[in-house]
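Chains as they are written, first to last, in the numbering used here: chain X, 1 to 384; chain P, 385 to 768.
Hints are not guaranteed to be accurate.
To be verified - Computed Cβ-Cβ distance ranges for the label pairs, DEER-style: (1) 499(P) - 67(X): 50 to 60 Å; (2) 546(P) - 7(X): 19 to 29 Å; (3) 340(X) - 701(P): 45 to 55 Å.
Unchecked claim - Covered stretches of chain X, going by a simulated chain P footprint (3 or more residues, C-beta under 8 Å): (4) 223-233; (5) 264-278.
As the list claims (entries may be wrong) - Computed list of chain X residues with no C-beta within reach of chain P, every gap over 10 Å: (6) 56; (7) 58; (8) 59; (9) 158; (10) 177; (11) 187; (12) 216; (13) 294; (14) 330; (15) 352; (16) 355; (17) 373.
Everything labelled a hint here was simulated from the structure, so no lab data went into it. Idealized CB from N, CA, C, for every residue including glycine.
2 protein chains.
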Amino acid sequence: MNNFTYHNYTKIVFGKDTERRVGALTKDMAAKVLLHYGGGSVKKTGLYDQVTASLREAGVSYVELGGVQPNPRLSLVREGIDLCRREGVQGLLAVGGGSTIDSAKAIAAGVHYDGDVWDFFDGTPIRNPILPVGVVLTIPAAGSETSPNMVISKEEALLKRGSGANGLRPRFAILNPERTYTLPLYQTACGVSDMLAHLMERYFTHSTGVDLSDRLCEAAMRTILNVAPRLKDNPEDYDARANIMWAGLIAHNGLLGMGREEDWASHGIEHQLSADYDVAHGAGLSVVFPAWIKYVYRENLPRFVQWAVRVFDVDLAFYDQDAIVLEGVRRLEDFFRRMELPVRLSELKIDTARFEQMSEKAAPVGNLKKLNAADVKEIYKLAL
Amino acid sequence: MNNFTYHNYTKIVFGKDTERRVGALTKDMAAKVLLHYGGGSVKKTGLYDQVTASLREAGVSYVELGGVQPNPRLSLVREGIDLCRREGVQGLLAVGGGSTIDSAKAIAAGVHYDGDVWDFFDGTPIRNPILPVGVVLTIPAAGSETSPNMVISKEEALLKRGSGANGLRPRFAILNPERTYTLPLYQTACGVSDMLAHLMERYFTHSTGVDLSDRLCEAAMRTILNVAPRLKDNPEDYDARANIMWAGLIAHNGLLGMGREEDWASHGIEHQLSADYDVAHGAGLSVVFPAWIKYVYRENLPRFVQWAVRVFDVDLAFYDQDAIVLEGVRRLEDFFRRMELPVRLSELKIDTARFEQMSEKAAPVGNLKKLNAADVKEIYKLAL
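In isolation and in its complexed conformation, chain X is listed as follows (with noise of 0.2 Å):
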């Protein structure tokens, strides 16, 4: 097990109706803040009015800048500091999913900050002061309710990129699973998508004497495996939807990453994929999660034996360790499948042609194998 320190400060506030105390912990963190959310989901279903009777009945002063998209943009971040700026702004409150936290923290990175904020993101680290950001969460999948992480697409220059920082982290996240009933089941998919990704790209690791994170990692992708297909029939179980949105969150917090190297050559490769064709990150990701396994998998053979018994469940007698892996990318498949979300490229009408260009974006990538671009574009291939 490798050193490690974590630092986890996020208020968690879960369950029915915890969108009520929002005004309360906002006032905690700051007298003004800049509410972000995203398009129109949370003005429909009553949300945005809720949180700004909160605000207003605990005396915050907000201002507000909504449009945050999927994938969320650059332009829009640079908007969000110039207001924080002008109006004097001491912290956010991010009301969305994890496009609009993501943005909520590009901004709050970026307001005390002399340079382009998108210098964090091309690798300069982030040494300035961070506004404060609260959430309330709608949409479990990302889990940067309580991570130091944000991801960013510069539109004209199709690109996706990551960045983080410890203060980053929120102050507080309001996690209410009730808020998750109106999503269709395809953004649902997508969040379970990202969520078993997080916990695959701290799982597959040459990192040994790793005992117990490789079973809280197990635990996580064996909760969601079985609880997510019960949303197909019944968007309103409520305590599906609970142990799903918990599970978005303990899979993205950090801990059970904690004293093993971790891969995140998968959420790159993605990002590439959704940097050109703007595809759900969800999507993208159970496309392209197989096909890396089915890539990577002879670099630490053992390791993908023990998830495919632990997690999948397939029978260590199998007649040889790869058709052991192999029999589990099938079920990670078939589960993917039956959650209706791709596992090809050619599903999401994605053919050759960008190939190359966004293998040489991509690469180099990864941990367990380090890609160079020839290997992102073989597994590229290898998700046709």
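Given chain X's structure and the hints, the job is docking chain P onto it.
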């Protein structure tokens, strides 16, 4: 799944040589601290010298109070409170195991309280400011290094009681598994028993729809059961020490109990054993827990079956459900025996003499089944 709030802000610094960072971490917390520790072992191992050198190097002033004993005493807590007031101390640094940390927490809670600190163990909530506590952990067991709980013994009354407040969570916790190489098997095993109990007290619940935390608890239990025996043959197996140390923290940071009602009957019943007979907490638990399960499992048969099957691999096709649970208990006892822990009161040379008064003091206790004094007495009898 029940509503919950979770706020664990402890900074965890884990791995080899991490105690070198204690001076810098303490300085971020307070300019002058009370250095609190137990007996000779921190001096014998050189840890005391390392910690004090690091404090001096960082320019942190400190006063000292050693002498914490297992089942930490109220009298020493009172002495610590007086010392902190007299010396104008702003924080505490606990170097040791759960007893030392709990003693430090009680002092931290008492310094700014006008009444007697025992009030907090008698039902008075902690509303006054609490001094910040930092930890260098030497014994993985109690989980007190990030938990909001503390347990103190009022020696003259033969009482051992717990109290808690979120503000009691330490600001930082340094965990170096190498520091546990010198723990004798008995102390290692007692720690393992305590962490298993922390997981089981969370696991055995009437709460439903808690799939994720069920599986996370099972993952931690399985890891402990698999890893701990390696320490019998090789006390300097770093990865085994690291997994056990990490498991002790995970078992009691509260995360795995979120959304579920917990049951702390076995802890309560054991505390009375420790108070009356000064039994090591973990050795008391390895005796009490199997007896408690035998007494209560019919209150929620499917849950105990799930535990036996998923944690101990008892075959679901076993001839009847009671037999499945009892086979699980037998395997738990076998594990304790393998770790050279007692599983019967007779092995601790405890007879029925004080059952009456101990039961009266321990009851009422429990959630899965509300136990009165007569119930507790039956459990002591089952443990004979």
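Self-check item: Claimed clearance of chain P by residue 177(X), with the beta carbon kept past 10 Å
Solution: Violated: least Cβ distance 8 Å, not greater than 10 Å.
Self-check item: Assertion that residue 373(X) lies farther than 10 Å from chain P (Cβ)
Solution: Holds, since 35 Å exceeds 10 Å.
Quiz item: Is the nearest Cβ of chain P still more than 10 Å from the Cβ of residue 56(X)?
Solution: holds (23 Å)
Quiz item: Far enough from chain P: is every CB of that chain over 10 Å from the CB of residue 58(X)?
Solution: The assertion about residue 58(X) holds, with a minimum of 17 Å to chain P.
Quiz item: Holds or violated: 45 to 55 Å for the Cβ distance of residue 340(X) and residue 701(P)?
Solution: violated (35 Å)
Quiz item: Okay, residue 499(P) versus residue 67(X) on CB: inside 50 to 60 Å?
Solution: Given a distance of about 55 Å, which is inside 50 to 60 Å, the answer is holds.
Practice problem: Count residues of the stretch 223-233 of chain X with a Cβ under 8 Å from any Cβ of chain P, then say if the count reaches three. | Solution: Three-residue rule met by the stretch 223-233 of chain X, so holds; n is 3.
Quiz item: For residue 216(X), which was marked as not at the interface, is the minimum beta-carbon distance to chain P over 10 Å?
Solution: Label violated. Min Cβ-Cβ 5 Å, cutoff 10 Å.
Quiz prompt | Assertion that residue 187(X) lies farther than 10 Å from chain P (Cβ) | solution = holds (20 Å)
Quiz item: Going by Cβ atoms, does residue 59(X) stay more than 10 Å from chain P at every point?
Solution: holds (22 Å)
Quiz prompt | Check on residue 158(X) being off the interface with chain P, judged by Cβ distance over 10 Å | solution = Holds, because the least Cβ-Cβ distance between residue 158(X) and chain P comes to about 37 Å, which exceeds 10 Å.
Quiz item: Taking the CB of residue 546(P) and the CB of residue 7(X), does the distance hold inside 19 to 29 Å?
Solution: This hint holds: roughly 26 Å between Cβ atoms.
Taken one by one, the earlier hints fail for this structure at numbers 3, 5, 10, 12, listed in ascending order.
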